[in-house]
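Peer 1: Please build the complex by placing chain B on the supplied structure of chain A, with the hints as guidance.
Number of protein chains: 2
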Amino acid sequence: MAEKRIGRRTIEFASPPAVAGFASVVCKKEGEGPLSGTFDIISSDPLFGEKTWEKAESRMQKTAFMKALEKAALSRTGIDVIFGGDLLNQCIGTGFSVREFGVPFMGLYGACSTMAEGLISAAMAIDGGFAVNAAAITSSHFCTAERQYRFPLEYGGQRTPTAQWTATAAGAVILSEKPGRAVLTKAAIGRIVDLEIRDANNMGAAMAPAAYDTLSALFEDTGTCPSDYDLIITGDLATVGTRILRDMFKADGVDITSHHDDCGMMLFDGTQDVHAGASGCGCSAAVLCGYILRSLEERLLKKVIFAGTGALLSPTSMQQGESIPGICHAVCIEAR
Amino acid sequence: MAEKRIGRRTIEFASPPAVAGFASVVCKKEGEGPLSGTFDIISSDPLFGEKTWEKAESRMQKTAFMKALEKAALSRTGIDVIFGGDLLNQCIGTGFSVREFGVPFMGLYGACSTMAEGLISAAMAIDGGFAVNAAAITSSHFCTAERQYRFPLEYGGQRTPTAQWTATAAGAVILSEKPGRAVLTKAAIGRIVDLEIRDANNMGAAMAPAAYDTLSALFEDTGTCPSDYDLIITGDLATVGTRILRDMFKADGVDITSHHDDCGMMLFDGTQDVHAGASGCGCSAAVLCGYILRSLEERLLKKVIFAGTGALLSPTSMQQGESIPGICHAVCIEAR
Chain A
21 MAEKRIGRRT IEFASPPAVA GFASVVCKKE GEGPLSGTFD IISSDPLFGE KTWEKAESRM
81 QKTAFMKALE KAALSRTGID VIFGGDLLNQ CIGTGFSVRE FGVPFMGLYG ACSTMAEGLI
141 SAAMAIDGGF AVNAAAITSS HFCTAERQYR FPLEYGGQRT PTAQWTATAA GAVILSEKPG
201 RAVLTKAAIG RIVDLEIRDA NNMGAAMAPA AYDTLSALFE DTGTCPSDYD LIITGDLATV
261 GTRILRDMFK ADGVDITSHH DDCGMMLFDG TQDVHAGASG CGCSAAVLCG YILRSLEERL
321 LKKVIFAGTG ALLSPTSMQQ GESIPGICHA VCIEAR
Chain B
21 MAEKRIGRRT IEFASPPAVA GFASVVCKKE GEGPLSGTFD IISSDPLFGE KTWEKAESRM
81 QKTAFMKALE KAALSRTGID VIFGGDLLNQ CIGTGFSVRE FGVPFMGLYG ACSTMAEGLI
141 SAAMAIDGGF AVNAAAITSS HFCTAERQYR FPLEYGGQRT PTAQWTATAA GAVILSEKPG
201 RAVLTKAAIG RIVDLEIRDA NNMGAAMAPA AYDTLSALFE DTGTCPSDYD LIITGDLATV
261 GTRILRDMFK ADGVDITSHH DDCGMMLFDG TQDVHAGASG CGCSAAVLCG YILRSLEERL
321 LKKVIFAGTG ALLSPTSMQQ GESIPGICHA VCIEAR
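Note that the protein sequences, when read in sequence, are chains A and B.
Using my numbering, the first residue of the first sequence is number 21, and each one after it goes up by one.
Using my numbering, the first residue of the second sequence is number 21, and each one after it goes up by one.
Isolated chain A, as found in the complex (with noise of 0.2 angstroms):
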């Protein structure tokens, strides 16, 4: 087993990488919701002064990673590499927005696991011994995921009671070998887990075996329950995943429904009219970058496992007839 693993699945790193910066940027809808006072910046444009929706997703994208370099005190030249991805077809939001930085990047792609993805790599960069601070970045846009994934905004379609609402959304973290007020412990990398679910318009149920998956997988490996954290945060499962998750854990005699909450059931209130709730990768992402990242600085809550959790398919993969496959990416992060 390699040194710096425990259990099956776990990793636990050496000198635990600390966040020296995080910054969110969201647009109004989300900005009129629950977590409104947790974000960094809240656009009322959606084009945030671009042309495109896709221009627009990347200026939304770089906004965030310029702000949480100003909050860590870092420039870009200070970043040794950076990890990111997003939901477009061929990551051109990332693409597009670290064009301009003239820092190493390594592309991910983990639909909305990519916030999670991101960190762990970061993590592994920097404790690792290859990196002193490195960052995670990522993004998704209402209306760039939406005419890619179902229907041309024109058309106006009905949706379903189990579909998600993309976040409009972008979240950056900078982690650094410094120390700092929290700090990634361990991780789990997600397996594919794929229940046979067909349905584009219920990823929360795509997603939940996943996140059971991996989250067991830490709970085993580190000999801990979820009362031994103060919150347990998937992203996002909404209302149809999360109460999927809660039943796989009860069946188990585990109830974890005190200590979970799912970052695509924070972002929006019951009146926004959002279905099962937010979905996107900047949907957990501005939930990390804002509600989690802020009170864990705060010492609000003091350790937390954030399970970004992400539907591995494609328009064509659908038109194809396949099903789903979930992954679910978990870190532990701790205030100190």
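Do not take every clue at face value.
What the hints assert, rightly or not - Computed cross-link-like contacts, BS3-like style, restricted to lysine-lysine with a CA-CA straight-line distance of at most 25 angstroms:
(1) A/K24 - A/K49
(2) B/K24 - B/K49
(3) B/K49 - B/K71
(4) A/K71 - A/K48
(5) A/K24 - B/K270
(6) B/K24 - A/K198
(7) B/K323 - B/K24
(8) B/K198 - B/K24
(9) A/K24 - B/K48
As the list claims (entries may be wrong) - Among the chain B residues that face chain A by a calculated CB cut under 8 angstroms, a handful are:
(10) T72
(11) L215
(12) V274
Derived by calculation from the structure, the hints in this document are not laboratory data.
Treat the numbers as computed from the prediction; the structure is a model and nothing was measured.
Cβ atoms here follow ideal geometry from the backbone N, Cα and C, with glycine treated the same way.
Peer 2: Frame of chain A, contents of chain B only:
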């Protein structure tokens, strides 16, 4: 500076991870090219027994991974993490390939540089103490890429002289902390370089400046010059990009020509009507998992730089008038 960094951009592995197994799977046209004898499996069926091109690509990638495992005398459960991706929207070639393995998975998007990005990620995971064995996998398929990026296959569009032919090929490498005959000693993570090329049929020109940027950094950081290597192999600049790369070094007074070759120029020969040469994630992956690693194992080559190049465009970004961002990740592989 991080302990395993030398110079501005280069990583030096403390305990160089070794190649435990590798395999390449290609289709008929690739199997008729000059590297024919170096591949593990040459299929005469472009559908690989499946019903769609996308499922065929997944099947091909899965086959490469299983063959690499077999050659490494390892089972799936012996692999701590797989790093992989491909060119398809939402990387479904890889998602659906990895789904059946039950192995922790980190999805990458690096376009045609994916194999190099995966190798660096896997080597960092091992040298960082997070994994004993890690895999890098990728693939491309002429038919999936053609219809996604260009035209329906049935249209039979005319190709420009600068166009490259997407290889139908997959490669898998298994790295291990245990000793082996070829080891990864150094790496340089690429930055995005964009010199405003706007012709999607001239990706070699878009990627060459990125190859120059990464290779220059590697030479400078390590105090080496092209003649210190038996082979510097880019993939896949093809004829147009290769000429540009060599000219850029010539302007610095550095002649790389006699030590340089390109995967995009090696996979096919002049009689195969591929215009500027080959491309696709599978191109550099199959050349690596065929000619290059075999030559290193047999000590016909002793010190190689494998520099994977990628063009981070999408059909949408081209339609919106964007230029093509290029990236190049380089890794130094040495015979032991």
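Peer 1: Need the status of pair B/K24, B/K49: alpha-carbon distance at most 25 angstroms?
Peer 2: violated, 42 angstroms
Peer 1: Does B/K48 sit within 25 angstroms of A/K24, going by the straight-line distance between their CA atoms?
Peer 2: violated, 44 angstroms
Peer 1: Would the hint linking B/K198 and B/K24 be met if the CA-CA limit is 25 angstroms?
Peer 2: holds, 19 angstroms
Peer 1: Against chain A, run the beta carbon of B/L215 and see if the smallest gap drops under 8 angstroms.
Peer 2: violated, 11 angstroms
Peer 1: Mind checking the alpha carbons of A/K71 and A/K48 for me, to see if they're no more than 25 angstroms apart?
Peer 2: holds, 18 angstroms
Peer 1: Measuring from the C-beta of B/T72 to each C-beta in chain A, is the shortest one below 8 angstroms?
Peer 2: holds, 5 angstroms
Peer 1: Can you confirm whether the C-alpha distance between B/K323 and B/K24 stays at or below 25 angstroms?
Peer 2: holds, 20 angstroms
Peer 1: Compare the distance between the alpha carbons of A/K24 and B/K270 with 25 angstroms, and conclude whether the hinted pair is satisfied.
Peer 2: violated, 45 angstroms
Peer 1: Run the distance test for A/K24 versus A/K49: straight-line Cα separation, threshold 25 angstroms.
Peer 2: violated, 42 angstroms
Peer 1: Given the proposed pairing of B/K24 with A/K198, does the C-alpha separation stay at or below 25 angstroms?
Peer 2: holds, 16 angstroms
Peer 1: Any CB of chain A closer than 8 angstroms to the CB of B/V274?
Peer 2: violated, 22 angstroms
Peer 1: Given the hint that B/K49 pairs with B/K71, does the C-alpha gap stay at or below 25 angstroms?
Peer 2: Distance of about 20 angstroms is within 25 angstroms: holds.
Taken one by one, the earlier hints fail for this structure at numbers 1, 2, 5, 9, 11, 12, listed in ascending order.
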